Amino acid sequence: KAGVTQTPRYLIKTRGQQVTLSCSPISGHRSVSWYQQTPGQGLQFLFEYFSETQRNKGNFPGRFSGRQFSNSRSEMNVSTLELGDSALYLCASSWTSSSYEQYFGPGTRLTVT
Amino acid sequence: SQQGEEDPQALSIQEGENATMNCSYKTSINNLQWYRQNSGRGLVHLILIRSNEREKHSGRLRVTLDTSKKSSSLLITASRAADTASYFCATEQAAAGNKLTFGGGTRVLVKP
Chain A
7 KAGVTQTPRY
17 LIKTRGQQVT
27 LSCSPISGHR
37 SVSWYQQTPG
47 QGLQFLFEYF
57 SETQRNKGNF
67 PGRFSGRQFS
77 NSRSEMNVST
87 LELGDSALYL
97 CASSWTSSSY
107 EQYFGPGTRL
117 TVT
Chain B
6 SQQGEEDPQA
16 LSIQEGENAT
26 MNCSYKTSIN
36 NLQWYRQNSG
46 RGLVHLILIR
56 SNEREKHSGR
66 LRVTLDTSKK
76 SSSLLITASR
86 AADTASYFCA
96 TEQAAAGNKL
106 TFGGGTRVLV
116 KP
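Chains A and B, in that order, are what the protein sequence lines are. Residues in the first sequence are numbered consecutively from 7, following our numbering. Residues in the second sequence are numbered consecutively from 6, following our numbering.
You may find that some hints are simply not true.
Below, computed lysine to any residue pairings styled on SDA-like, alpha-carbon distance capped at 25 Å [stated by the list, open to error]:
hint, chain 1, residue 1, chain 2, residue 2
1, A, K63, B, T32
2, A, K63, A, S103
3, A, K63, B, E10
4, A, K19, B, E10
5, B, K61, A, S103
6, B, K116, B, E22
By construction, these hints were calculated from the structure, which means they are not laboratory data. What you are looking at is a predicted structure, and each value in this text was computed from that prediction instead of being measured.
With the hints as extra help, turn the sequences into a complete structure.
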């Protein structure tokens, strides 16, 4: 069974630009969660999608948004990038929810200059 | 603020020794999970322990949960150089809408 894949793996953007990150979950998994990891704040929950609906949201500004498609693939978008958005963005999938073990992708390393 | 706080923040041991790290949390949980992360990569799930369980084992890993003290511990026995990684606890709280909240992690260095 293929693991969680994230594209792109690395990205460099300029302040003010927007970015879209993609995540393909493990086949059969319907829940996709996104996390931001930085040295200062650690791992922080962004949002969770299940069956194309946002089921849960963390404490991030509205510049961070996401969506899930009918095949469970998910994208997250960050608009008007700030330097502080530089981070490793991790996607995780699970069968139904975070009550079960989550399978993480390798992450997308975003650098904002 | 983080729900789970790991202790110690860093740990250095010799190969073959045991490594113990602790996680404390603040509010009632449904379950607690431990993950491992190797140098800026994705996390790997290790063990999930539910609030009504006290101890679980998986290979060289042993996890305990004390809900009265709101704490958990992860023990890695007979450590190997390949165990060098950061270890995170994550809690699922019903009050938080069942999302996972991660602690700051313990960096473990196993010296050969």
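Hints, verified against the model:
no., hint, verdict
1, A/K63 - B/T32, "holds (19 Å)"
2, A/K63 - A/S103, "holds (13 Å)"
3, A/K63 - B/E10, "holds (21 Å)"
4, A/K19 - B/E10, "violated (33 Å)"
5, B/K61 - A/S103, "holds (21 Å)"
6, B/K116 - B/E22, "holds (10 Å)"
Figure legend: structure checked against the earlier numbered hints; the only hint not met is number 4.
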